[in-house]
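**Q** Here's the letter readout for the chains.
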Amino acid sequence: MSLLQQTEAVVRLESISKSYGDLLALDRVSLTVRQGEFVCLLGASGCGKSTLLSLVAGLDGISGGSLDIGGRRVSLMFQEAALFPWLSVRGNVELPLRLAGVSRTERRKRADELLDIVRLRDFGDKRPHELSGGMRQRVALARALAQNADILLMDEPFGALDAMTRDILHDELERIWREQQLTVMFVTHNVREAVRLGDRVILLSSRPGRVIEDYAITHERPRRIDSPEVSGQAAEITDRLRAEVARHGH
Amino acid sequence: MAIKYPSARAGLEGTTAQADVPEAPEKVAAAEVSGLDALELQPHRDRGRLSRRIWRSTWPKVLAIGIVLLIWQIAVWSEWKPIYVLPSPATVFTDLGTVITTGDFWDGVRVTMTRAFTGFLLAVAIGTIIGALVSQFAPLRAAIGSLITGLQTMPSIMWFPLAILLFQLSESAILFVVVLGAAPSVANGLISGIDYVPRTWLRVGQVLGMRGFAKYRHLILPASLPSFISGLKQGWAFSWRSLMAGELLVIVPGALSIGVRMQQARDLSDSSLVISYIIVVLVIGILIDVLFNTADNALRKRWGLVGS
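Protein chains in written order, with the numbering used here: chain A, 542 to 791; chain B, -3 to 304.
It should be emphasised that the hints constitute simulated quantities derived from the structure, not laboratory data. Note that the structure is predicted; figures quoted are calculated from it, not measured. Check the hints yourself; a few may be wrong.
[Claimed, not checked] List of simulated lysine-lysine pairs, DSS-like, C-alpha gap at most 25 Å:
id: 1; chain 1: B; residue 1: 229; chain 2: B; residue 2: 57
id: 2; chain 1: A; residue 1: 667; chain 2: B; residue 2: 229
id: 3; chain 1: B; residue 1: 57; chain 2: B; residue 2: 297
id: 4; chain 1: A; residue 1: 667; chain 2: A; residue 2: 650
id: 5; chain 1: A; residue 1: 667; chain 2: B; residue 2: 57
id: 6; chain 1: B; residue 1: 229; chain 2: B; residue 2: 297
Please model the complete structure; the sequences and the hints are all you need to start from.
**A** Structure follows, in structure tokens:
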């Protein structure tokens, strides 16, 4: 952690709240994410973890507190790849570049590089529906990378995939995060996934969402989701999470 | 740190010989990913030879036509109606064969199709503009949204008396009714296409920072295309029906359209010719419908909306 603490803070949430009418989704959440950090947000249903991401992404406004990302660029990935069926795989990856006014040859070159990063170079001319779920999610990742964002927000991106695909995509995401020096905020309700991937795991309470624990995960990378270290720490966090869920059981 | 999974490799290393160099982790990872991709992709299924596929979709149609002709022939044999009122299929098809080899007939088809396409294109232009406006401005939607659907259900023949008063017996009268028949369907197709753009796509659009024109160009319009095509298809059906009604009611001097020719055949009590023109109108309608369906299916296939 000593190394990470020296890097610059890229996301600074100070006591932010978010309510929808009477419903308080997030209650005074404070969180700092540093450059290059992989932060997992973990919580049961109703903890507002997705809300938190859309606030950081600027898709929604905060109700109180302060949110500072220093004008950095943000990209957001969802559980669904949500690729556009009228574009080829490459066309989907090119879209952010097109919107940014990058020239045709330049964006084609860049899109191919990005497809190479997610190991889908040979699939550029395919249509999204011709790919498997895991492949589509990698295209969505390439599209997110094409936005050249400083901060990558991921909202349960592997939630709909089978365990084997998810395992392999963990390795892939970790590699790309390291190579591209990304800052990632990753929402999940899968404790092992959080411990497998994160430098930190932020545990949120439910209704309203509050930060109840901030775990530093220091096991050496690359990790395995079924290693004793990951399992051990995951068990500890799961106990804490269950206690939180039980609190709502009256 | 060349070993990817230290704990998993530890056991192996004790037992394997020195020469057995473990594969580079990057290579292993690449092989795993591409292996998984290969396994998850569906192998291409052969759907049989083209000729077989054509046959499979053709024979039911041929059979259906055969049954209709047979019933018709039986009705003729039973002398349910005098032969000059209900001629036999053979007579009708002979007459039809004679008619369609004349230049006059094709002039008639040209007049009718020119009207159909002009009216339809005008309806598409007007319907698209109205649809775009209604989907954008809530007050406009509240004002005329249900009116558009109401117009769609209105039988177009009801417009002709007014059209004739407004435009006399002219091309404009026909065009007026054709456009009124088709434009609401086109507008509705576009409106529902825009209304039902999936939320996840809209969120992606937001994340990608699409705004204003770019949002329309890159998201809303392509996303609403399937619904818009359905609207066009329905619009065509309405405009074709309106046009046929119009050609029977509004006889513009000098324009010997299909409808006029049919009316003339009726005046001469030439049933065989009347039925011939019915068949012509039916066939044209089917051909255009096939075109729309081809476009629709091509789009669905590209989008992966049908099982391939």
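**Q** Are any of the numbered hints broken by this structure? If so, which, sorted upward?
**A** Going through the list in order, the structure violates hints 2, 5 and respects the others.
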